[in-house]
Structures are given as C-alpha cells and as structure tokens.
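**Student:** Since each chain comes alone in its own frame, lean on the hints to assemble the complex.
Chains as they are written, first to last, in the working numbering: chain A, 1 to 277; chain W, 278 to 694.
Mixed in with the good hints, there may be bad ones.
What the hints assert, rightly or not - Keeping only pairs whose Cα atoms sit at most 20 Å apart, straight-line, the calculated SDA-like set for lysine to any residue is:
(1) K45(A) with R403(W)
(2) K41(A) with E399(W)
(3) K41(A) with G393(W)
(4) K416(W) with W37(A)
(5) K45(A) with E399(W)
(6) K41(A) with K442(W)
(7) K41(A) with F436(W)
(8) K340(W) with S272(A)
(9) K416(W) with R29(A)
(10) K442(W) with Y44(A)
(11) K340(W) with P13(A)
(12) K442(W) with W37(A)
(13) K416(W) with V25(A)
(14) K45(A) with H397(W)
(15) K416(W) with D39(A)
(16) K416(W) with P120(A)
(17) K41(A) with R403(W)
(18) K41(A) with T394(W)
(19) K442(W) with T47(A)
(20) K442(W) with R43(A)
(21) K416(W) with L22(A)
(22) K41(A) with R443(W)
(23) K41(A) with H417(W)
(24) K442(W) with V42(A)
(25) K45(A) with T401(W)
(26) K423(W) with D30(A)
(27) K442(W) with D39(A)
(28) K45(A) with F436(W)
(29) K416(W) with P7(A)
(30) K45(A) with D438(W)
Claimed, not checked - Derived contacts from chain W toward chain A, CB cut-off under 10 Å, selection only:
(31) A282
(32) K290
(33) R293
(34) T373
(35) P375
(36) E381
(37) I382
(38) H383
(39) S388
(40) H397
Treat the hints as calculated values from the structure; they're not laboratory data. Just so it is clear, CB atoms sit at the ideal spot from N, CA and C, and this is done for glycine as well.
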Amino acid sequence: MATHQHPVVYLRPSGRFTRLNLRDVWEYRDLLYFLVWRDIKVRYKQTVLGAAWAILQPLLTMVAFSIFFGHLAKMPSDGIPYPLFAYAALLPWTLFAYSMTEAGNSLVGSQNLITKVYFPRLVIPLAAVLGGLVDFGVSFVVLILLMIGYGIVPTLAILTIPFFILLVIATALAVGVWLAALNVQFRDVRYTIPFLTQFWLFLTPVAYSSTMVSPRWRVVYGLNPMAGVVEGFRWALLGRKEAPGPMLAVSIAIVALLLVTGLYHFRRMESSFADNI
Amino acid sequence: MSDLAIRLEGIGKSYRLGSINDADPRIRYGSLRESLAGAVRGLFRGRPPGDATAADRRFWALKDVSFEVRHGEIIGVIGSNGAGKSTLLKLISRITEPTEGLGEIHGRIGSLLEVGTGFHPELTGRENIFLNGTILGMKHAEVLRKFDEIVAFAEIEKFLDTPVKRYSSGMFVRLAFAVAVHLEPEILVVDEVLAVGDAEFQRKCLEKLRTIGGDGRTILLVSHNMAAIRSICQRGIVLDRGRLVAEGDVNTIADQYLAGALKSKVGGRVIETEVFVVDDVRIHSLDGPVVKTFDPVEILVDVTAKRDIKDPGVHIGILSADQHRLAGLDSKDFTTFPPLRSGEKTTMGFRIDSFPFLPGTWYMEVRLGEMAEFAFELAGDPVRFDVVETPVYGGRQMTNLHGQVGLTARAIGGTPV
Numbered sequence: 001m002a003t004h005q006h007p008v009v010y011l012r013p014s015g016r017f018t019r020l021n022l023r024d025v026w027e028y029r030d031l032l033y034f035l036v037w038r039d040i041k042v043r044y045k046q047t048v049l050g051a052a053w054a055i056l057q058p059l060l061t062m063v064a065f066s067i068f069f070g071h072l073a074k075m076p077s078d079g080i081p082y083p084l085f086a087y088a089a090l091l092p093w094t095l096f097a098y099s100m101t102e103a104g105n106s107l108v109g110s111q112n113l114i115t116k117v118y119f120p121r122l123v124i125p126l127a128a129v130l131g132g133l134v135d136f137g138v139s140f141v142v143l144i145l146l147m148i149g150y151g152i153v154p155t156l157a158i159l160t161i162p163f164f165i166l167l168v169i170a171t172a173l174a175v176g177v178w179l180a181a182l183n184v185q186f187r188d189v190r191y192t193i194p195f196l197t198q199f200w201l202f203l204t205p206v207a208y209s210s211t212m213v214s215p216r217w218r219v220v221y222g223l224n225p226m227a228g229v230v231e232g233f234r235w236a237l238l239g240r241k242e243a244p245g246p247m248l249a250v251s252i253a254i255v256a257l258l259l260v261t262g263l264y265h266f267r268r269m270e271s272s273f274a275d276n277i
Numbered sequence: 278m279s280d281l282a283i284r285l286e287g288i289g290k291s292y293r294l295g296s297i298n299d300a301d302p303r304i305r306y307g308s309l310r311e312s313l314a315g316a317v318r319g320l321f322r323g324r325p326p327g328d329a330t331a332a333d334r335r336f337w338a339l340k341d342v343s344f345e346v347r348h349g350e351i352i353g354v355i356g357s358n359g360a361g362k363s364t365l366l367k368l369i370s371r372i373t374e375p376t377e378g379l380g381e382i383h384g385r386i387g388s389l390l391e392v393g394t395g396f397h398p399e400l401t402g403r404e405n406i407f408l409n410g411t412i413l414g415m416k417h418a419e420v421l422r423k424f425d426e427i428v429a430f431a432e433i434e435k436f437l438d439t440p441v442k443r444y445s446s447g448m449f450v451r452l453a454f455a456v457a458v459h460l461e462p463e464i465l466v467v468d469e470v471l472a473v474g475d476a477e478f479q480r481k482c483l484e485k486l487r488t489i490g491g492d493g494r495t496i497l498l499v500s501h502n503m504a505a506i507r508s509i510c511q512r513g514i515v516l517d518r519g520r521l522v523a524e525g526d527v528n529t530i531a532d533q534y535l536a537g538a539l540k541s542k543v544g545g546r547v548i549e550t551e552v553f554v555v556d557d558v559r560i561h562s563l564d565g566p567v568v569k570t571f572d573p574v575e576i577l578v579d580v581t582a583k584r585d586i587k588d589p590g591v592h593i594g595i596l597s598a599d600q601h602r603l604a605g606l607d608s609k610d611f612t613t614f615p616p617l618r619s620g621e622k623t624t625m626g627f628r629i630d631s632f633p634f635l636p637g638t639w640y641m642e643v644r645l646g647e648m649a650e651f652a653f654e655l656a657g658d659p660v661r662f663d664v665v666e667t668p669v670y671g672g673r674q675m676t677n678l679h680g681q682v683g684l685t686a687r688a689i690g691g692t693p694v
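Okay, chain W solo, but in the shape it has when bound (with noise of 0.2 Å):
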C-alpha cells in the first residue's frame, strides 16, 4: 500500500529474567564472576555456557503484535501499567530490537518517550535548545530554523540565558515539550509526557499535537488519560499483557478496554487468608460500565471457605495512588453475614450510594476474617481500580485544587447586604 506508515508482523520481545531476587526483569547488572561462574558450572555440568534454562526464565514483554498504520493516522495505544505500551514504543522507535517478528517503518521518525532527554541542568535554556534538538534527532539548521518558535511556546524568554538548573519545574517542562513538538518527523511517537505541566500546558501542548495531526503526519499517543486519548486520536489499539487484545475505533476501543479493565481484579492469581480462598474482588458502577465519580458503586469480593466460619466479615480500604488510605468500611459496623461451612461460597461488599473519588488511580485493600475470633486478614496486594476522566463539577478540567475526594455541593451567598 502506499500510504504505509507503519507495519508489524508478529513481534516479540522478551528479556531474560535476572537473578531470582530481581525484582525488574529488565534491569539485568551482569558481573564477570557471575558470567564465569556461570560458565564454569556449564562445563562441570556438561551444558553449554549459554545455560538452556535462561530459555524458560524469559519475559514476554511483548508477544505476536501485529498491525499496521496509514499515514496521517493518529493511533492511540492503551492498556493498562506493565501491558506492554512503552516497550512497544520502543521497538517502532529503534531504541530497542525485537526478539521476533517484523516491522517496517516508512519515514523518518521521532520519539518522545520522556520530557527533557539529555537536558544537562548546567547549561542555559537556550544551549539546550540546541542540545535536546539534535538528541531528538533535529539537524542543527533545523533547530536554527525553529528557534524562535520553541521559546515562544515555551514562554522563557527572559530566562534563555539561565542555567536550567534554576528553572522552575513548570518552565523546565514547558521548555522540553517545546523542543519535541517542534521535532517535524513523519511519524510521531509519544508517550505519557501529557501527565507533565499544568492544565493550561497540558491543553496547548495537546492543541499542538492536534496540528501535528492535521498536517497529515502520523502519531502514536501512550496516555493514560483517556480524555485525551478519546479527543485526539481516531484509532486505538488496546494491549493486555504483552498481547494485542483489541483496534479499532478510539471511542469504542476506550469503552471496551476501561468496562474489561474493571471487571475482575484478581486476574488468575490464587489468593488466601487462613480461612478464606479469595475468588474475585470486583468494583462497578450501577450507571454503566466505568466507574465515575458520585456513581452509585458496589464493591464486592467472592470467596469460598476453607473451613466452618461463624462470623465471617469483610473490611474494605481506599488507598490513594501513594498508599494512603482515605477511608474504611467495616461490615460489622453495618450486618452480621450468616455463618459459612467448609467449601461453601459467598459474596461480601458494599455498596456506595455516591461514590466521592475524583477521576484517577486508587486502590482497594481487602481484608476478610473470622469474626467470632476477631482477625482480620489482608488478603493480596492492594488492588488498582481507576475512576474516570469526566467532568465532576460540570465541565472545566479537573486541576490539583480540586483535591481528591468529590463533595455534591452548590453555591450560595453573594447577595449584597
């Protein structure tokens, strides 16, 4: 075809998983000692030096993607932390090679993975400029050419010739997307830097992609805010695990994925407390597939006995995204739930008639007992739910003064006396 933007065909990528107690798959410090001890044991065991079990220690962080992308598309890529997004960037951007598969790229392409790239913090706005111009992969003309835009959308004028170390965070990031948007390859590659900036950079730097859109050049956007996914690109793909699960329209493929994305939390992993066997914990919202904020919610955890409970009981907990928690509901300050005996099953939760989180990540921490013992036992991780990006008040953006729980409030006073 020959409007070929991009094309993938079945590609994998896999790291090697490290030593057992590595906690990132990706970071892999080889030593020579391990290297050669490695191979030395290789050799007393009769197996080659290249040890045949690293096979089976290996990481899919990618697995059999194919797709393809037109020219003058802008396609976004969901799904959610660890599903794949930033490797796949990485790949299509040459950063990184796959381990299978195919892939060809038509044109020259730029990458944004990350906001400020090889700014050093001791030189001045504006010899980092042309520092950061040409890492991005901009020629020195270019960055000549363009010059006076960048610090016009930067808005840095007066302080162009101060070391970037004494920036402000708001100007340091302002000054770095203007570089990267300013970038003119054919194909745009750009992850997650709309989290950076305040409300009203986040809007002009989304207008300008917007543009970039509209002159016909094509753009691959990693967000995870999906107001922004759902305004500015048409198409999406949707990534689960390293698979590609879901393409097509951005608004459909948006629903589908957030709806998937709350139904079941546990995902596969058996999770016990002493007395409990914790078959799901689900959230959702009585109003339609996500959950927004002030939706009537019901939080609810299936379980099955692993013994006779007299009292069983359940305890949620809201944490935010840094682990605080911000409320708690115990059962037994509501029910008592009927005794359970050994293999039985059953649902407990709660329902919140006006669920206050604003749009973002939480989670919820879970903990079940036996309340004729008065044990409370957590059980698993705290689980990650995200409440979505709609307007709570009416319609302007939400900013950090809003804060992080919603009120239904309205105004009042302001009559003159």
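Looking at chain A on its own, in the form it has when it is part of the complex (with noise of 0.2 Å):
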C-alpha cells in the first residue's frame, strides 16, 4: 500500500483561525441521512395519536388565537380570515421553534456520540433541523384544506414558498448552532430555550400583523428575521396586497449573519465538544 492512495489526517492543536470546511459535512450526508431518519422514526413510536401530533399542535393553537385575538380582541388580519391568518404564519413558527429548540438541545442529547465517535459535529444540529421538516410536510397538507374551504386562490406569488421554506430552515440552523454549541459549555442554555421561544412569539406577528407596526418602524422590525419570514409566508400563500419587500431584506441579512457567524462560532468550538460535554 503506497502511502499516496491515503487520505492524510494531520492532528494537532487548532489555532486561533478556523475553516468552515463544509465539504467534510457533504462527505458525512449518508449519516446526516440516518440521523433525521431516526429522530422521525423514534419520534412518534410509542404515541397514542402518532403522527397527528403534528397536526394538532399548530391546528389547536389556531384554535385558540382564533377565539381570542380574533374574535374577542378584534385583531385586523388584514382582510383575511383570522383563522387562515393565523395557521398560515403558525405553520413557519411551530417549524422553526420546534427545530430551533431540538438543534439547541441535540448536542447535549448526543453526548454518546460525539465521546465515541468522530464524525463532523454540524451533522447533528442539521439533522435535528431537517427532522421537522415532516411535520411541516403534514401541516402544510392542512393548510391547504383550510384555503380550500375558504375559498381563497392563491396567487402566483406560491412559486416563492420553497424559498421561504429555506429560510426558515436556515433562521433554526442560524440561531441552533449558536445554541448547541454554548449549551455545551454552558448548561444554562437549556432553560434558556423555552423562555427564548416563548418571548420570540410575541416579538413574531403571528396573532397580529405586521402592518400594525408603523412603516417606519417596520425595517427595524425585520431584525427580527422571523417577523420577514412570516410575513413572506402570508404573502405567498395568501396572496395579501403587497410583498414585504425591506422588512424581509433586513431579515434574510440578518439570518445570513448569524448563521455565518454561528457556523464559524460552532467550528471553532468543535474540537472541544468531546472534552466538555
């Protein structure tokens, strides 16, 4: 065997300056493959209802928004049925806040893993955010029931959905590897996360509309990547007057730098997750 035909792996402490080296995590993807096909296939076993989790959730939560922002608080959805209002933002929101948390959670989850075996360590917070995918998949098949049944058609503007879909993916992915990798070091994080969720909604125009914060202040309002993300969602699936042009430009800015910053952040940290976790 001639040593050219191997593949040389230096070991040696890393310095200051990390590559992100993402092509190491494409050599992985058979893993990144098994690893969502696990979580979706463990998720539901041993549950009474199964797969109707994912229904319920945001369907019940649109219930509730519904009966009190709707109909008692007289919430404006700009001219849109309330409930279809609030289900066609609830989809993007449940999708990132359950993916957000399991990618901030998965490493700690993964403590077996990561002090066994070496592989790259991104795999694990990108298959905890691919994993709600499914669910997505399953509520998105009701929101089509509901725009059937209230009429509603929608526009050409549904062409964008794919993309709005990524970037709800990559807004998890952004905030997630941020998470999973200070969780590590810090345990806090964990409690962090419910509390983080939580408050995020409100800051979301989920039960209201974004056309309640004044149009000055509503580029400002895109920082909070979520607030463009859901906006857009309604846009393209529901067709409203315009699209959210600068909200959502400020957002898609905002997502790509965090998640730039948080890969390199979570590279960096790497090589030590086996050591403190």
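**Tutor:** In structure tokens form, the structure reads like this:
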C-alpha cells in the first residue's frame, strides 16, 4: 500500500482561525440522512396519536388564537379570515420553534456519540433541524384544506414558498448552531430555550399583523428575522397586496449574519465538544 | 516512509481541572454564572478573565507521547486504569484534539471505542445496522453490501425486525460488534470491547480481528485481557500516567509491564496511620514476575514506626473488584511481632502457600495497629492488583461458571457400579 493512496489527516492543536470546511459535512451526508430518519422514526413511536401531533399542535394554537385574538380582541388580519391568517403564520413558526429547540439541545443529547465516534459535529444540529420538515409537510396539507375551505385562490406568489421554507430552515439552523455550541459549555442554555421561544413568539407577527407596526419602524422590525419570514409566508400563500420587501431584506441579512457567525463559532468550539460535554 | 500509518510526535493532552470537589477532571460543567462571576472577579483583581491560575490546575492525561505505526501492524496498548490509553485512542480517532504536539494519520480510520454506540432501543435490529454502520463511518451502500454478512456474524436472523430493546444483552452485544468489525477502514482502533460477550463470542471476535490484521490492515488495540493482546498483537506500547514508558515486542513488553505493575503499590503517595507510616505495599509470587493462581505468594507491608509500639500487628483483607471482602488474614492469629522503637522500619506480612484467587483484578485492604491498644487502623484505600490470565485448570478459558476462587481438586468417581 502506497501512501499517496491514503488521505492524510493531521492531528494538531487548533489555532485561532478555523475554516468552515463544509465539504467534510457533505462527506457524511449518509449519516445525516440516517440521523434525520432515526429522529422521525422514533418521534412518534409509543405515542397514541402518532403523526396527528404534527397537525394538532398548530391547529389547536390556531383555534385558541382565533377565539382570543380574532374573535374577542378583533385583531385586524389584513382582510384574510383570521383562522387562515393565523395558521399560515403558525406553520413556519412551529417549524422554526421546533427545529431551533431540537438543534439547541441536539449536541448535549448526543453526548454518547460525541465522546465515542468522530464525525463532523455539524451533522447533529443539521439533522435536528431537518427533522422538523416532516411535521411541517403534514401540517401544510391541513393548510391547503383550510384554503380550499375558505375559497382562497393562491396567486403566483406561491411559487416562492420553497424559498421561504429554506429561509425558516436557515433561521432555525443559525440560531440552533449558536445555542447548541453554547449549550455544551453552559448548561444554562437548556433552560433559556423555552423562554426564548415564548418571548420570540410575542415579537413575531403570528397572532397579529406586521402592518400594526408603523411603516417607519417596519424595517427595524425586520431585525427579528422571523418577522420577515412569517410575513413572507402570508404573502406567498394568501396573496396579500404587497410583498414585504425592505423588512424581508433586513431579515435575510440578519439570518445570513447569524448563520455565518454561528457556523464559525460552532467550528471553533467543535474540537473541544468531546472534552466539555 | 512509504508505509507509515500513524505517526505521533510529542503529543500531549491536558484537561483543565474543574471545581475543587470535582472528582473527574474531564467533566467540566460550565455555568454562565460561574464564567461571568469569574470574569468580574478577574477585573477587580486586575487579572485577565482567563484566570492565570487555570494553567496550574491542569491535568495531563497524555504527555510527550511519540511513536510510529506502519501499515499492517497490530499494536497493543497496555497500561493500568488512568494511564491514558483511552485518551490516546480518542486523539487518534479525532474525537478530541491534542493540546500540544503533532500527529499524522495515513488512511481511513475507524474506531470502536464502545460497543453499540448510537444504537437506538426503539429501532429494530435491521434499522440499527444501518444507523450504527453510518455512525461508525460507513456509506449506506457499504452497509447494504455487507448486510447479510453482518447478520450472519451476529446470529440474529430471526430477530432482525424486533426492536433491540427486546434483545437479550448477549444478542445486543453480538449485533453491535458484528456491525463494528465489518467496518473496513485501513486503520482500526479498538478499545476494550473484547471484554463483553460470552467466551465463545469473544473467541470469534478475536478470530475476526486476527483476520482483519491478516488483510494488511492496521489495528490499535487496548485491552486489559493480556492473553488477547499477546495472541493478536506483534508489538506493544506501555503507557504509565500519561507517558509512553516502553515499546517493543508484545510478549517482552507485557511481561515487563506486569512485573512492573506489581512491584510497588503505594507509588509515591504518603499513607499514614496513628502509629505507622506505610512505605510500600507489595504482592509478589515466589514462582515468577507475575502473580498466577495457585502460586506461592507473599504480601508485604513496609512500615516505619511513628512512636514506640509494643505489639505491632497487620491485617490484610482481599476484596473483589466490587469491594466485597473475600478473605482476611490477621497477624495475631499466627504470631507476635517484636516491639518497635520510634523511627524503626520493618516489614510485616503473610506468605500464602497456594494463592487461590482466579485471574482478574483484586484489591488488598491493609490495616495496621498497636495491638496493645486493640486498635487496627485502615491504611489508605484498597490497593489494586492483578492475577494474570493463565489457564488455571490446565487449558480451557475461564468463564463465569468458574467463580472467583480456585480449588485444588481432582475429579473422582464415575465408575459404573
């Protein structure tokens, strides 16, 4: 066996600078696939309702929102029936909240793997985020039924839906990798996540419309990336008058920033995960 | 060199010691509060937030380790608990990175540090084969190709579609090991996995490892089972408290290690009782450098008297690995030792004509006392020693059915009447 056939790996203390090296993650795509598959397979085993949970969660929240915000508080909903208005936003929000939570706790939950096998650790939060997509798909079907029920015909804007789904995933991953890496070092993060999710929901136009925010401040409002994402979803699905342009642009920029810094931070901490977890 | 597989140069790995009462230095739960508090304290004391004293509170799991392994070699890594064996394997497997030094790994590496890593109890045997295979670094296609072979090796055909949580522990281990040995890396790193499973399955695993080695692949093996190391490996390295202390032919190295490991038990620690300082606790066989079952064995305690002692006495207890007392010897039952003056040294102990304990790990518990005052005092923690892996009753490998203590016996009867 000649050396030139063997890939060479160097062991050395990592310096200050890290490369993202995403090709490494691509090499392990089979593992990514099986981790996602495992999570999905295991999630609803030994539950009575099984995959119905995926539908129930956003559906019941939608009913509660419709009663309290739509019916009692008479919250304006941009001329869309309130239940549909809320559900179209709950869809990406549920995906985001679920994926972010799972990703944030993913490394700590995979302690046994991290201390016993080598692979790019990024696969773990990535799998956690992607695992939310199946539930999303199921509840999306419910949305289509609702739209038919309310007789809403989508505009051409619906073609942008894949982009917005990608944006939710990117947002969840960006926040998720930050939380996951911090969680290894500071277990406080685990207790922060539920609070963060709850707080974030109030800051996001799920129960209300972003038009309630004055146009001057709407761009600043976009600093909450989920604001742009949620309004983007509503626009794409329900065909509101105008696309959420500047606000969305700010949201995308914030997501990109969070994602790049998050990935770098993750990579930098990666080598010490096995020691600190 | 063209056939280099692994080269390490001055590799060291240190862990920061956590809070003071932290028993395991490797576990460091940070909390944000601690870090913030530390940073604030640092500010007020004019010290950088990193805290300069952290450097002194480091524990070196490995220090200055250098060696080379060529392709096709099977290397045994020998050392007592805490010598750094597992850390070394983790570094080579890239699970953790060195604090200092450099290493080169030529070729795809597969590590088997634990049997059944990533198995999910809710999934079936079939599903776990795929999951575990990819976790260990195989491609999906590779697992598919070897699927039948894995199932046959594990002997679980009938239970392929049963969740593994319903498997017996034997079946679980067989399946887990089967997946792992069908990895085909150029370099295989194996930690102590041979300790699991029944004797028959262990034999099968050893056979498999030998075949893998025969294919020209490189294996790094850690095991407490010296017989296994001797039978598979050609070369060995010995680690002691994080340093590489010996390297060479596996049999020579293993003998040296075993002899050395038994020489001194106290190892630099100062153990004192009310009236004695314990200088050393020794156990050795009169038949050779290592202790074997049925050997004539001496257990000796070297002491210095801290004051005048009228009637010195010693008590040795033999404990099993789970700290059950199996035997106890009291010097009072055999003799009276002469009185000692303050500062005088002596050696007290016992000779056991035929040491009955079977191969494995045992502990000695030492008690010393001034018998004129009827007081035995425990001298330090129980001291570990090993009885070496040898055929006790003339050949077969020992199993659980042999128990813990050997009996000199012969079979009688059986003649039809």
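**Student:** Each of the hints needs a verdict: does it hold here or not?
**Tutor:** Here's how the hints hold up against the structure:
| no. | hint | result |
| --- | --- | --- |
| 1 | K45(A) with R403(W) | 17 Å, holds |
| 2 | K41(A) with E399(W) | 9 Å, holds |
| 3 | K41(A) with G393(W) | 19 Å, holds |
| 4 | K416(W) with W37(A) | 15 Å, holds |
| 5 | K45(A) with E399(W) | 8 Å, holds |
| 6 | K41(A) with K442(W) | 15 Å, holds |
| 7 | K41(A) with F436(W) | 19 Å, holds |
| 8 | K340(W) with S272(A) | 18 Å, holds |
| 9 | K416(W) with R29(A) | 9 Å, holds |
| 10 | K442(W) with Y44(A) | 16 Å, holds |
| 11 | K340(W) with P13(A) | 14 Å, holds |
| 12 | K442(W) with W37(A) | 19 Å, holds |
| 13 | K416(W) with V25(A) | 13 Å, holds |
| 14 | K45(A) with H397(W) | 12 Å, holds |
| 15 | K416(W) with D39(A) | 19 Å, holds |
| 16 | K416(W) with P120(A) | 15 Å, holds |
| 17 | K41(A) with R403(W) | 13 Å, holds |
| 18 | K41(A) with T394(W) | 18 Å, holds |
| 19 | K442(W) with T47(A) | 17 Å, holds |
| 20 | K442(W) with R43(A) | 16 Å, holds |
| 21 | K416(W) with L22(A) | 18 Å, holds |
| 22 | K41(A) with R443(W) | 17 Å, holds |
| 23 | K41(A) with H417(W) | 17 Å, holds |
| 24 | K442(W) with V42(A) | 13 Å, holds |
| 25 | K45(A) with T401(W) | 12 Å, holds |
| 26 | K423(W) with D30(A) | 16 Å, holds |
| 27 | K442(W) with D39(A) | 17 Å, holds |
| 28 | K45(A) with F436(W) | 19 Å, holds |
| 29 | K416(W) with P7(A) | 17 Å, holds |
| 30 | K45(A) with D438(W) | 15 Å, holds |
| 31 | A282 | 8 Å, holds |
| 32 | K290 | 9 Å, holds |
| 33 | R293 | 9 Å, holds |
| 34 | T373 | 4 Å, holds |
| 35 | P375 | 6 Å, holds |
| 36 | E381 | 6 Å, holds |
| 37 | I382 | 4 Å, holds |
| 38 | H383 | 4 Å, holds |
| 39 | S388 | 7 Å, holds |
| 40 | H397 | 6 Å, holds |
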